[in-house]
Amino acid sequence: MVYLNQTQRVLHPTPVKWDTGVYLEFHLPDAYDNNARKVGSGTFGSVIWTKATTNPVNEHRKRIVIEVAVKKINRAINHPREAQICYRELKLLQHLDHSNIARIVDLYTPSRNARELHTIYLVMEYAGSTIEKLLNQSATENYAYLPMSKIPRIMRDILRALKYLKAADVLHRDLKPDNVAIDASGKAVLIDFGLSRTGRETNKSAELTDGAGTPAYAAPEVSFWRGGSYGREADIWSLGCILAALLSWEHLFKNQKRKVSIYTTLIGQIPAHFMEKVYDPLLKTFMETESASAPCPADMTPLKEYFSNRNKVAERNDPRIEPALSFLKGCLQYDTATRFPSGYNVNCINLMTRLTIEQALEHVFLDGIGITEDEYSVQPLVYDDSDRDIDDWKCVLFSEITNFEARPDTPRP
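In numbering that gives the first Met the number 0, the protein residues as written are 0 to 412.
Accuracy of the hints is not assured; some may be wrong.
In the SDA-like style, the derived pairs of lysine to any residue whose C-alpha atoms are separated by at most 25 Å in a straight line are [stated by the list, open to error]:
hint	residue 1	residue 2
1	LYS283	SER260
2	LYS253	ASP96
3	LYS132	ALA35
Derived Cβ-Cβ restraints for the label pairs, each shown as a range [claimed, not checked]:
hint	residue 1	residue 2	range
4	VAL363	GLU115	52 to 62 Å
5	ALA183	ASN73	40 to 50 Å
6	ARG309	ARG406	35 to 45 Å
Read the hints as simulated data drawn from the structure, not as lab findings.
Just so it is clear, the structure is predicted and the values come from calculations on it, not from any experiment.
Yeah, the Cβ is synthetic: ideal placement off N, Cα and C, and Gly gets one too.
Between the sequences and the hints, there should be enough to build the whole structure, so can you do that?
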């Protein structure tokens, strides 16, 4: 049985087997291969890998076959809040165009009208295995699929994407190994923007702080502050957590119950001005107690000692370890402002603030990897994501799908 959707595209029901043995049904257009396999599942949907045949750009170019990731979104069409998040991601992906950001190539639905809208298919270029998957394979097989020689480039690529997002006035807010893929050439590509926001939104909404991102990779101001007062520096903290995972094959802050203790042990004293914004009085008291005996935040010794027994990607005397830990220390700083903060031990000198995107790109850890100077032109993203009821959101989403403008070399017959 085949379906004709609102743009008269033929869609074929295609069952895909999941690890549990259950088959999930995906609707794939004619240009797509029905020999698909599972990639993974997220908050709002499931993702499969398959191949698709592109349209020729002109009469002189032949059709080519590309690998794509097809995301089936159905859990986001039943509640206004989730539909709003889905809309934001669709607008972001259509606006962004950068080599370190996965490109949207198709958008469709089997539904014939907005009232019946129940499923959206978002199709992206397949960017390769995620860092999370490669780290799990490394741990299982005791083999570094991402050795030290590849890590500086991964950091550089993510920073290039963040620099582009900054120009577009976008905060990613959920950087983690599961949201960064590594393609066949070793290039890092950001693949998920479900929690991303524009700078305009961060200034107007206090809800941004509540539950944003993945706890083990969320910056402390995201985890503990209330009031939506954090900025793109939160993405730099998450980048540091990714580097720590690449070095150790472990999530640095995976133990949420001991998160504050790990902060003070590895990073150092928590400044008083930071704790003033902590919303939980009991947590604030605990932070003050833990911080009282913590080392200076400029002290590299705790990080060096921690990774001396956990480094999985380089020999102990590898000269790249020192700059890697320096880079990591620069990412994992509480303070994001260029000022002398109050509340530190007076004996703490050479206090550090969290690296900016530009400072991180110039760090010695990234020396010698051929940093490209190509610039991407992008305007700040503006869209209307005002609160709506679910019926209105269905109309907005359906219109977005119907009016989607595919790039020339995409699999749309």
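Hint-by-hint comparison with the structure:
{"no.": "1", "hint": "LYS283 - SER260", "result": "holds, 13 Å"}
{"no.": "2", "hint": "LYS253 - ASP96", "result": "violated, 33 Å"}
{"no.": "3", "hint": "LYS132 - ALA35", "result": "holds, 19 Å"}
{"no.": "4", "hint": "VAL363 - GLU115: 52 to 62 Å", "result": "holds, 57 Å"}
{"no.": "5", "hint": "ALA183 - ASN73: 40 to 50 Å", "result": "violated, 31 Å"}
{"no.": "6", "hint": "ARG309 - ARG406: 35 to 45 Å", "result": "holds, 43 Å"}
In the structure shown, a violation is registered for the earlier hints numbered 2 and 5, in ascending order.
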